[in-house]
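Asks: If you want the building blocks of each chain, they are given just below.
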Amino acid sequence: MKFIDEYRQSDLALKLAEKIATISDKPLKLMEVCGGHTHAIFKYGIEDLLPPNIEMIHGPGCPVCVIPLGRTDDCISLALEPNVIFTTFGDMMRVPGSHTNLLDAKAKGADVRMVYSPLDALKIAKQNPTRHVIFLALGFETTSPSTAMTILQAEKDNIENFSVFCNHIMIVPSLKAMLDSPDLQLDGFVGPGHVSTVIGTRCYEFVPREYGKPLVVAGFEPLDILQAVYMIVKQISEGRAEVENQYGRVVSPDGNCKALEVLSEVFEPRDYFEWRGLGSIAHSGMKLKPKYAQFDAELKFDVPGLKVADPKACQCGEILKGVKKPWECKVFGTACTPETPIGSCMVSSEGACAAYYNFGRLSKIAQRSANSGVR
Amino acid sequence: MCLAIPGKIVEIIDAENFIAKVEVGGVRRGVNIGMLDDVQIGDWVLVHVGFAMSKIDEKQAAETLRTLQELGAYQEEFDQFKTTID
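As they're listed, the protein sequences go chains L and D.
Per our numbering, residue 1 is the first one in the first sequence, and the count goes up by one each step.
Per our numbering, residue 376 is the first one in the second sequence, and the count goes up by one each step.
Bear in mind the hints are in silico, worked out from the structure with no lab data behind them.
Built from N, CA and C at the ideal position, the CB exists for glycine as well.
Worth double-checking, as some hints may not be accurate.
Example chain L residues on the side facing chain D (calculated, C-beta under 8 Å, incomplete) [claimed, not checked]:
1. L12
2. Q153
3. H194
Straight line, CA to CA, 27 Å or less: simulated BS3-like cross-link-like pairs of lysine-lysine [what the hints assert, rightly or not]:
4. L/K258 with D/K434
5. L/K176 with L/K26
6. L/K300 with L/K106
7. D/K396 with L/K156
Now the in silico label distances, taken between C-beta atoms and shown as ranges [to be verified]:
8. D/E398 with L/M114: 15 to 25 Å
9. L/R240 with D/I387: 39 to 49 Å
10. D/A390 with L/N83: 33 to 43 Å
Bound conformation, chain D alone (with noise of 0.2 Å):
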């Protein structure tokens, strides 16, 4: 349960409390990306539990993608990802 799943950065919807809209797979929703420094659209950053972690290199992001498809651990990250309460 310590996986994170890369996603990039396509909107900062609440600077104040630090919410951007974050992309995995198509789908968007608001991350909390107050741990990190700097952050940019169009980075690309690991979210664990609605938060964004780290900055990733868009190639580190698509690797560590295929990675966890692989692993058959992105389906379930991606499942609960998708899952808003809006």
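This is chain L alone, in the form it adopts within the complex (with noise of 0.2 Å):
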């Protein structure tokens, strides 16, 4: 209960977590598929709130996490190309690639630039003519509308020397690969906050009606996500199965039809997309349409584009499933630390492996390889 106190309304959330105790007592794992969720979970000691028969899986909702080392190296490659500025979100600088990061590409002397916003990235290109400046796109859909906008602008403005080396990812088949993949047994979905102001809520019916998972939309106030939860263990024990929306302050059931609009305009779903540890999905990357291939850098530079197998040591993979936690991969805390990275899931602060470690749950960890007998 060590973060209880910090924040108000700490007695509502006492009571909250009494009613899910008193609602059911049935085992039951429940998935935050977002990374800000994630991070909120371990910030505020949610999962010492909730009572024992309730587990909190930590889903693939951090897009840094997710991106296969292949695609860390093609970026390393493009950053070394000659003339070329890269520019990148700062999530990026310390993703450990194959050999190297980006980081240390910019040590060795490769121009590596992060930037706000896609469209900063624009302003270097329009400040810089005789260089071409590349973006690394990534993010699921609360970002990847800005890259589209950003792409129509720079057609607007008619920049040549600028282009995006997109990794674009969607939540939804992401999710459809979690409910298919036989290791996983998921009883619910906590849905993501900000992604689904984008693409509404109408777009999760498919998992209550396919799989008969309920799935919440919350907000990331520990309040929200209790409220969240209590909403999908509520709706177990009544034997249902639908989408709610806890958020429905942000988020409405169409979404935003704006930037939808421009997300169809601009990209297309690639037939494959590597996830780091989750293998390859269909249709669950974005690529740029033909009509914009002038701003498309996969098809102005030569990428790598090589599948590179993670590192043995490294768990990733199972964790970002859930079929492991952090504390069971060998190399958590040791080899593998947020100042040395071997996993991208210990490099962005939502990645489970890094929430874990830097919120100090080592004492939940101890006790729960004592029952479990690991380590």
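From the two separate chains plus the hints, produce the assembled complex.
Replies: As structure tokens, then:
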């Protein structure tokens, strides 16, 4: 209960937790899909509040964590191209490729620049007309409309020295892959908050309809997450499976139509996209439509595009699927730490491993390890 | 990285390219509002990577701000928001 005093309305949180405990004592595995939720769950110690029959599985909702090694190598190769300025969000700088990361490439002379927005990358292109600026686009549907808008702006402004290395991914195909995975048994989902401001809640209807599992879209307050868990458990105890929206104050059923329009104008699904740890998932990645080929870094440059296996010691894959807990990974906290990450789950503050490591859930780890006989 | 921070529209600086000045924690920078309808000065919006993603009311803005601050996620987003390349 280390963190419970840190936020207001902790009485309400405790009451909600009690209510959850009274409606079901069935063992339930619930997955939060969004990395922001994972961060909040750890920060506020929400797992400590929940009754022991409810287990939170931390899903693949951290876009940095699911970038496969091969794509990171591609980034480094693009950054090292002559006359290129490679722009990226700060999160990607320390993500390890098979030999090195972007920060090292920068130290070795590559012009790698951190940007806040894809529009900043476009601005750099305008300011450096003799160089070529590549923007590393990554993220779910919260972020991809911004890339699409930037490409439309580049077209409008006739910018020829700008392209995008597109690694955008989609939440619905990844949810489907999780649900189809034979080694994973989930009872319900806490749906992502800000992704859903774009895609809405209707697109999740297949989860109850085809898989019979409840999904509740939630905000980022501890009370939001607890309330979403309550709503899921209540559905299960009443034999219902529906999409519900706990975050109605921000998320609408249809999402942001304009954002969806620019997405479908600029991007189309790839046949397959590789996810770290999850393997290849059909139609889960986005690429630029042929109409915008002039802005596609993969067509403008020679991208190695090699598939690289994760290091043997690294168990990011099992962790992303929730099959293993971070502390069950052999290198967790020893060879793999936020300072010297081996796997991507340790790099981003939204990764499950970094969250466990940073928020010192070590007493819990020790206790669980003792119970399960691990380590 | 899918977090968005609340800000207030203080000026429309380039209507043709949908750029407005948005104020977050006393800092102002250009934000693209092309994905929203009917944005007025004084509106509160959620901003993600330089784009306004949805309109919210002032109360939601205050709540969101408080949560992000508690999460420790605010500073990171805010520091990035402050970086401009003008």
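Asks: Now tell me, hint by hint, if it's right for this structure.
Replies: We went through each hint and held it up to the structure:
1. L12: violated (14 Å)
2. Q153: holds (7 Å)
3. H194: With a minimum Cβ separation of about 5 Å from chain D (threshold 8 Å), the hint on L/H194 holds.
4. L/K258 with D/K434: holds (25 Å)
5. L/K176 with L/K26: Answer holds: L/K176 to L/K26 is near 24 Å, not above 27 Å.
6. L/K300 with L/K106: With Cα atoms ~21 Å apart, L/K300 and L/K106 stay inside 27 Å; holds.
7. D/K396 with L/K156: OK: D/K396 and L/K156 at ~21 Å, within 27 Å.
8. D/E398 with L/M114: 15 to 25 Å: holds (23 Å)
9. L/R240 with D/I387: 39 to 49 Å: holds (46 Å)
10. D/A390 with L/N83: 33 to 43 Å: holds (35 Å)
Hint 1 from the list above is the single one not met by this structure.
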